[in-house]
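A.B. asks: Now for the letters of each chain:
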Amino acid sequence: MIPEMPTQTSISIVVLFGAACALLIIATIAGEILRHRLARHGAHPTVETYVTRLHSWWAMVFLLAIALLIGRTGVILLFAFASFAALREFLTLTRKTKADHWALIAAFYVVFPLQYVLVWLGVDGLFSIFIPVYAFLILPILSVIRGDGRNFLSRVSETQWGLMICVFCASHIPALVTLDIDGSTGRSVLLIAFLVLVVQLGDLAEYYAGRRIGKKRVAPELSPKTREGILCGAAFAAAIGLMLFWITPFAPWAAALIALVIYLIGVGGSLVLSAIKQDRGVKSWGHLIPGQGGFVDQMDSVVFAAPVFFHLTRYFYGG
Amino acid sequence: MRRIAANIAGQLLALFAQFITAPRADWRGIEPVNRQRIYFANHTSNADLPIVWTVLPPALRRVTRPVAAADYWLKTKARAFIGPEVFRAILIDRRTDHQTEDPIAKIVTALDEGASVIIFPEGGRNRSDDPLMPFKAGLYNIAKARPEIDLVPTWIDNIASVMPSGEVIPVPLGCTVIFGAPLHVGEEESKDAFLARSSEALSDLMPIREPSA
Numbered sequence: 001m002i003p004e005m006p007t008q009t010s011i012s013i014v015v016l017f018g019a020a021c022a023l024l025i026i027a028t029i030a031g032e033i034l035r036h037r038l039a040r041h042g043a044h045p046t047v048e049t050y051v052t053r054l055h056s057w058w059a060m061v062f063l064l065a066i067a068l069l070i071g072r073t074g075v076i077l078l079f080a081f082a083s084f085a086a087l088r089e090f091l092t093l094t095r096k097t098k099a100d101h102w103a104l105i106a107a108f109y110v111v112f113p114l115q116y117v118l119v120w121l122g123v124d125g126l127f128s129i130f131i132p133v134y135a136f137l138i139l140p141i142l143s144v145i146r147g148d149g150r151n152f153l154s155r156v157s158e159t160q161w162g163l164m165i166c167v168f169c170a171s172h173i174p175a176l177v178t179l180d181i182d183g184s185t186g187r188s189v190l191l192i193a194f195l196v197l198v199v200q201l202g203d204l205a206e207y208y209a210g211r212r213i214g215k216k217r218v219a220p221e222l223s224p225k226t227r228e229g230i231l232c233g234a235a236f237a238a239a240i241g242l243m244l245f246w247i248t249p250f251a252p253w254a255a256a257l258i259a260l261v262i263y264l265i266g267v268g269g270s271l272v273l274s275a276i277k278q279d280r281g282v283k284s285w286g287h288l289i290p291g292q293g294g295f296v297d298q299m300d301s302v303v304f305a306a307p308v309f310f311h312l313t314r315y316f317y318g319g
Numbered sequence: 320m321r322r323i324a325a326n327i328a329g330q331l332l333a334l335f336a337q338f339i340t341a342p343r344a345d346w347r348g349i350e351p352v353n354r355q356r357i358y359f360a361n362h363t364s365n366a367d368l369p370i371v372w373t374v375l376p377p378a379l380r381r382v383t384r385p386v387a388a389a390d391y392w393l394k395t396k397a398r399a400f401i402g403p404e405v406f407r408a409i410l411i412d413r414r415t416d417h418q419t420e421d422p423i424a425k426i427v428t429a430l431d432e433g434a435s436v437i438i439f440p441e442g443g444r445n446r447s448d449d450p451l452m453p454f455k456a457g458l459y460n461i462a463k464a465r466p467e468i469d470l471v472p473t474w475i476d477n478i479a480s481v482m483p484s485g486e487v488i489p490v491p492l493g494c495t496v497i498f499g500a501p502l503h504v505g506e507e508e509s510k511d512a513f514l515a516r517s518s519e520a521l522s523d524l525m526p527i528r529e530p531s532a
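Those sequence lines, one after another, are chains A and B. Counting from 1, one number per residue, gives the positions in the first sequence under my numbering. Counting from 320, one number per residue, gives the positions in the second sequence under my numbering.
Hint data in this document are derived by calculation from the structure and do not stem from the laboratory. Do not take every clue at face value.
[Claimed, not checked] Simulated DEER-style distance windows between Cβ atoms:
#1 A:Y134 <-> B:A424: 54 to 62 Å
#2 B:F335 <-> A:Q8: 40 to 48 Å
#3 B:R446 <-> A:L222: 36 to 44 Å
#4 A:L34 <-> B:K396: 52 to 60 Å
#5 A:S154 <-> B:E519: 27 to 35 Å
#6 B:A399 <-> A:W58: 44 to 52 Å
#7 A:I141 <-> B:W346: 36 to 44 Å
#8 B:F338 <-> A:E48: 25 to 33 Å
Every residue gets a Cβ at the ideal spot worked out from N, C-alpha and C, and that includes glycine.
This is chain A alone, in the form it adopts within the complex (with noise of 0.2 Å):
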């Protein structure tokens, strides 16, 4: 357990959150502006979009901030939350016949809740290992007992899938708290800060520079991200990383370089879950978070950023 968190970690929590708030607080001005100019000529589709997104980010920020002060217990339950709502999601558009309900089952109410209370716990050993090795073992098992054979495997891999990104990939996020770095966990909790931020500021750098300047798409079939847009947003990225060494155990140059790296995972990621969508026929993942979609488009490159950015993090610094 982590002892009193020390008041130093909560200033920086609060530091980031007024900064984050006076970005929204532009963003907002802005959009007001735009959309007071634009009522004449009724209502501007992507002006409202962008003022629903804008209150989402508020949501969002909030919550962050409040998991953030809380501490371990407070980041454990925000990101177990939209891990739960992301497998929902997810398996919501994978392959299944009556024959998976045990399986399915197991995952929402087994495997799920038993990685976040071993994430709680900080048993790293078993939580890097519990998903890929014993849910990718047990569920099938649990599939055919139930004895159907038609596209076993895919339904099998599907359900498996749904749960390496949106249980054990997200899960990787909240475990950063239990990173031990220079003898103690209390500013850990300030990985998941950083993390978010890189990602996230990169991915919105790279969807404006990419509709100003953007003109080489990276998967033209799948994505309008361009090759102009991700550089913009990789600059970006190691820019914020750079700016937030001082909340990390990184040097300056470390810092932005892992921003580089986990930036550039996202990005990946970001395209690897456009393409499961383009493949299931939908736009987005759900409906739950206003102006983005759901909650896997909403989280999609930081998922994937977040275990690399945990490996890179306990290997170079951690205890």
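Following the hints, position chain B against chain A.
C.D. replies: For chain B alone, kept in the frame of chain A given last:
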């Protein structure tokens, strides 16, 4: 007292359904406004009724009554509370020898009292591989009796994966309820033609997906 308890139970049920499946209403053919309607829906699972009930806005939910099987809903005390009290279901006995009054007359009476109605025109749960079973004559008879009321095709998507028939524990998967454009029975239209047309209007709402396993 029982009324209040039923109200609270209804709210809790809707909350539970929202938490489990986060159901979404897609008002594709009509607006969710307070007009008298007959919603007719596909039926694959015991969870169908709670899901449609949940996605209706509370103002509509209050005036909407499902048509349900008496032989199912009166079997236990809990069901007898949830069916008639929480859902305010119009109970119809499917076993003709048990019927004390004409089921169609019972539904028409409810309509004349101003209620909207949810009906499952297949007459039971669909356990086949086809998306819909042939409709029973009930929908036609009701439509004939009150031809001015909108008949709204209501497709409940994905509920069979949440709770396949015979299973007890629901899997939390997303569900969508799609409300199509209303239709009415034509003056000269035959029973079979109308039932075929309404069945098609309902199955047309089914989202196109690659055939799932």
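A.B. asks: Regarding F335 (chain B) and Q8 (chain A), is the given constraint of 40 to 48 Å on their beta-carbon distance met?
C.D. replies: At 43 Å between Cβs, range holds.
A.B. asks: Is the hinted range of 27 to 35 Å satisfied by the C-beta distance from S154 (chain A) to E519 (chain B)?
C.D. replies: 31 Å, holds
A.B. asks: Would you say the C-beta atoms of F338 (chain B) and E48 (chain A) sit inside 25 to 33 Å of each other?
C.D. replies: 29 Å, holds
A.B. asks: Can you tell me whether the CB distance of R446 (chain B) to L222 (chain A) sits inside 36 to 44 Å?
C.D. replies: Given about 38 Å between the Cβ atoms, the range holds.
A.B. asks: Taking 54 to 62 Å as the stated bounds, is the beta-carbon spacing between Y134 (chain A) and A424 (chain B) within them?
C.D. replies: Hint holds: Cβ distance 59 Å, inside 54 to 62 Å.
A.B. asks: Quick one: are L34 (chain A) and K396 (chain B) within 52 to 60 Å, going by C-beta?
C.D. replies: Given range 52 to 60 Å: holds, Cβ gap about 59 Å.
A.B. asks: Is the hinted range of 44 to 52 Å satisfied by the C-beta distance from A399 (chain B) to W58 (chain A)?
C.D. replies: 47 Å, holds
A.B. asks: Could one say that the CB atoms of I141 (chain A) and W346 (chain B) fall in the range 36 to 44 Å?
C.D. replies: Since I141 (chain A) and W346 (chain B) have Cβ atoms about 43 Å apart, the given range 36 to 44 Å holds.
When the structure is compared with the earlier hints, no violation turns up for any of them.
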